[in-house]
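Residue numbers (this note's numbering), protein chains in the order written: chain P, 194 to 444; chain B, 194 to 444; chain U, 194 to 444; chain D, 194 to 444.
Accuracy of the hints is not assured; some may be wrong.
One copy or two, it doesn't matter: identical chains are merged, so the pair holds either way.
Each computed DSS-like pair below joins lysine-lysine, with the alpha-carbon atoms no more than 30 Å apart [stated by the list, open to error]: (1) K247 - K432; (2) K195 - K247; (3) K293 - K314; (4) K293 - K241; (5) K314 - K241; (6) K211 - K247; (7) K432 - K241; (8) K273 - K241; (9) K195 - K432; (10) K273 - K247; (11) K247 - K293; (12) K195 - K211; (13) K211 - K241; (14) K273 - K314; (15) K273 - K195.
Simulated from the structure, these hints should not be mistaken for lab results.
Nothing here was measured: the structure is a model prediction, and the numbers come from that model.
There are 4 protein chains.
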Amino acid sequence: MKQIDLNADAGESFGPWKMGHDEALFPLLTSVNLATGFHAGDPRTMQKSVRLAKAHGVAVGAHPGFPDLVGFGRRDLAIKPEEAYTDVLYQIGALFAFLKVEGLVLHHVKPHGALYLRMLKDRALAEAVAQAVKDFDPELPLVLLGGTPMEDAARAVGARYVREAFPDRAYLSDGRLAPRSMAGAVIRDPERAAERAVAMVLEGEIEALDGGRVRIEAETLCVHGDNPEAVAIARAVRKALEAAGVRLAAY
Amino acid sequence: MKQIDLNADAGESFGPWKMGHDEALFPLLTSVNLATGFHAGDPRTMQKSVRLAKAHGVAVGAHPGFPDLVGFGRRDLAIKPEEAYTDVLYQIGALFAFLKVEGLVLHHVKPHGALYLRMLKDRALAEAVAQAVKDFDPELPLVLLGGTPMEDAARAVGARYVREAFPDRAYLSDGRLAPRSMAGAVIRDPERAAERAVAMVLEGEIEALDGGRVRIEAETLCVHGDNPEAVAIARAVRKALEAAGVRLAAY
Amino acid sequence: MKQIDLNADAGESFGPWKMGHDEALFPLLTSVNLATGFHAGDPRTMQKSVRLAKAHGVAVGAHPGFPDLVGFGRRDLAIKPEEAYTDVLYQIGALFAFLKVEGLVLHHVKPHGALYLRMLKDRALAEAVAQAVKDFDPELPLVLLGGTPMEDAARAVGARYVREAFPDRAYLSDGRLAPRSMAGAVIRDPERAAERAVAMVLEGEIEALDGGRVRIEAETLCVHGDNPEAVAIARAVRKALEAAGVRLAAY
Amino acid sequence: MKQIDLNADAGESFGPWKMGHDEALFPLLTSVNLATGFHAGDPRTMQKSVRLAKAHGVAVGAHPGFPDLVGFGRRDLAIKPEEAYTDVLYQIGALFAFLKVEGLVLHHVKPHGALYLRMLKDRALAEAVAQAVKDFDPELPLVLLGGTPMEDAARAVGARYVREAFPDRAYLSDGRLAPRSMAGAVIRDPERAAERAVAMVLEGEIEALDGGRVRIEAETLCVHGDNPEAVAIARAVRKALEAAGVRLAAY
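Only chain P is shown next, with the shape it has when bound in the complex:
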């Protein structure tokens, strides 16, 4: 029986400002990536999110980002590898504390936004982040995009990792995500996203946006939590996977 994890970014409120649909989304997921205070997610939000995850039996990972609250961590910032190491370590530790007091364990680390994107290109930075994860706990997996310098970096430093794929994003035949500027790059129809999720898990490949097919190897599927269709997509993906006999569980 095939098994897959279903993750989404969450805990992205800040102070009085709400974001996302965590209450509706958590029951559909097997793991969540919680914002850790630098790009979103203040301490109170982190506590609430951890408790919500606990109530739904969802595994909790850290979602560290750039120190850019107003930009939501989505603007590239030229931090040095040694700064990435300490910024990520700080955020991992902060979330760890909220988990510890609830009797939970830190399940994984998935970098956020522009930090994630920079790790796809900047090998030294990617190694620094992977090293921070490994130094904190050698058993802790880094969630990354396979077949990229991000994966090379994790392997180079000997960090554990899992690969993720995106059922609601189109891929190019060379394995890269289709840029958002391309027509059809973002999949908004829940049923289509669900079909792709099943194909990713059962066949290990999907059709590419530029023709042909592309191999997908992933231990976790990510659904985006910040768009209006998020809950509908997560529900459709989960339902289709279960109908196809796939077991949904955190890795």
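Starting from the known structure of chain P, fit chains B, U and D onto it as the hints suggest.
Chains B, U and D in isolation, oriented as in the chain P frame:
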């Protein structure tokens, strides 16, 4: 043989801005309280401070403060107990991560500035902070001022704690610190501070600023790290304690 | 013909996080108080809010707050008068720039949240804020609650000011706002708020929550923008005032 | 008689943290660029710096930077032109307020650190910043590096500008600053910096680090304020210029 711990606040630089005399001070201390990012101390500074403490064999505690960087955590902020709980927990976890990767343990937690002062008056807030410390680790001691609501709070929630005293601050006969506005409240002469430190440890009492004597029960002595005489005072205190046969060691 | 201004706090989004109902609310108002970056309202939000106000011909005032983003400026902070002076001046200038490039003038200054509340009790702080407003522009009015130390402070430093009243809040017979903890303190029914607004303007008094009647002298009425009923209340208040022959215009 | 302006970045303290040598430096300068709160310089520091400049009769410009306090605005941040426009406008207005209450005028705007460097490469961003300066006040000059996209941008939007040169930095023969990584790129000897300043003003050219000579056209010379030699260099530069019959005055 009597034993005492000697602590100071440290790691109070931020980004490009330097503060304190950590390199000169750490060899003289047995424990340090490191700023954890809210009122001072960014992640890089925390890493450097932890490594400096490790190099000198000094025990490291967290020094969480109010989220008020420009005010250095010295301005009273009307946070609710549940906010104090999560703010402190966040900061404890962040420092814990830096210690963990260096193979060190978190030794204690000592609140900073206006948070510390508020815990002397606001019992509910003091209990929330003590609870955060205890929930993170029941063995972790909270450093506090004895004979105050802060001590009552720690006892009420069952948190471990140690009491500190200030050789470079005058006391009133009722046990409270003399307000800084009183003449003689701050002791700048290293030799006088040293004599008082010895009296605190060996006799358990010193003379009060308003006449008579005051009982001092403390497991750790704090020297202020942010004034020009800090290093001279720490050196004199250490030397006098050693000369008096007191063993200097972290509790 | 009686005239009154109708104001609301606005521009309270931050980065990716939205707050309030500005698009629906602005057409109903004659002036708005825009957040200026310390408790809410980043530079992009300020630009958008100023342009929205311009499009609707609404007068724009600054709404400076405490430097407490996560707490939304609603937690009391023990800043010194000289800090209040510079914090307010900084925020006034920042908003002024957005108005200047749009060819608009700064119409007023209304302190936000805990800063406003502290000015009701702390005369020295209230004078510092009033002085900042006056120093920036002697013609610029400070919006305040009449019959309080806030009004005394404005008068003492010779700052221009206007008084506001709250149709959606109950008053005590001594002129103070009824604390939110009292039953009936917050009025959620648009029609009731509208009746009170008319009584405030035409009769200069309303019934008090604790019995009897209370005098209300105000040049502007404030409707709260951050609750679900905000738009309905503003619409009802405006309609009732117009029906009663009151002219709605910025002072 | 030739005339030149002598500028330095200043007002770079933050909260309790001190930076720079403003008291010693201001008497030697004719203009200063004051940090405006995003990368350094809180409101209290801005007030003090403006008053210090006033006491010394030094012209005051705004020194806006990226919103990156911990990185001191020295890390490249991928902000969009429209974000640069509003970030710069916000900071200009904030400083303007401190000048207005002291009866001073805003003399110029000089971008800081990574924002300045990005304007040397990113034409759209440079135009947005130049537009913000011009929109705030068409008479307000932008300080920039001549012969670069930064100058092209200012000219394209019709913003006033002045060009600066660096007596304590080496140039390449193509007009660019020698990268700090090259040997000899930073000039630490006050006498050499002074000679170069005189040559820049009287001859309009200096020798290049890679051989030959390089043309320098500038209305203002910048001395770096944040290194230990800053005051000695400013003093030597000023003395040599005066001895060579150059009049020192703000443009």
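**Request:** Against the earlier hints, flag every one the structure doesn't satisfy and list their numbers going up.
**Result:** Violated hints (numbers, rising): 12, 15; every other hint is consistent with the structure.
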